[in-house]
Amino acid sequence: MTSKWRSSVLRVASRLEELDYFQLLNLSKDASSTEIRRGFRRLAQHYHPDRLGGSEDSELRQAVSAIYRRMTEAYSALRDPTTKAAYIEGLENGELRLDSTKVRSRSIAREKAQQPGQTEAGKRHYQAALAALERGDHRAATSEIRSALLFERDEPGFKALLKRIESS
Numbered sequence: 615m616t617s618k619w620r621s622s623v624l625r626v627a628s629r630l631e632e633l634d635y636f637q638l639l640n641l642s643k644d645a646s647s648t649e650i651r652r653g654f655r656r657l658a659q660h661y662h663p664d665r666l667g668g669s670e671d672s673e674l675r676q677a678v679s680a681i682y683r684r685m686t687e688a689y690s691a692l693r694d695p696t697t698k699a700a701y702i703e704g705l706e707n708g709e710l711r712l713d714s715t716k717v718r719s720r721s722i723a724r725e726k727a728q729q730p731g732q733t734e735a736g737k738r739h740y741q742a743a744l745a746a747l748e749r750g751d752h753r754a755a756t757s758e759i760r761s762a763l764l765f766e767r768d769e770p771g772f773k774a775l776l777k778r779i780e781s782s
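Residues 615 to 782 in this note's numbering are what the sequence shown lists, from first letter to last.
No lab work stands behind these hints, which were simulated from the structure alone. By construction, the Cβ of each residue, glycine as well, lies at the ideal position given by its N, Cα and C atoms. Take every hint as true, because none was put in to throw you off.
Distance ranges between label pairs, derived from CB positions:
1) Q741 with E673: 48 to 54 Å
2) E703 with A735: 32 to 38 Å
3) S672 with E703: 34 to 40 Å
4) L705 with K777: 26 to 32 Å
5) Q659 with A735: 53 to 59 Å
6) R683 with E649: 20 to 26 Å
7) Q659 with T697: 22 to 28 Å
Modelling step: build the complete structure from the supplied sequences, incorporating the hints.
Take a look at the structure:
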């Protein structure tokens, strides 16, 4: 570790709250999944906490840990096209960090807009399942979507929601 590297790390750490994920990972907004992965790996080698070895420099240790955590957060948000799109949308509203509850709410809102189902009862149970899911009540969501499937057992949207609930 050189003093130049230490200064660089401390400078990045001091600006961490001002950087969006693309700036942090040195990427353009239209970066592909491959470019995002490569960008993360390149910087991970530079800022990985293991690079410090047995250093007792607590200021540097905290800075490297903060940078690496934020890089990991950025990579997790940008590697998935859906969360990347949600992040870009939030970024346009001045949000530098991804809010996973907003991503979930946007996803649920899109599902509500698509409105699968043919029968009123099926649609009603589907909507109730989405509302329960939004509240975080997986048990009620499962019950409601299964009720919807009683009315329309072959509805792909209902099946997809059940699968999503069961996998979460």
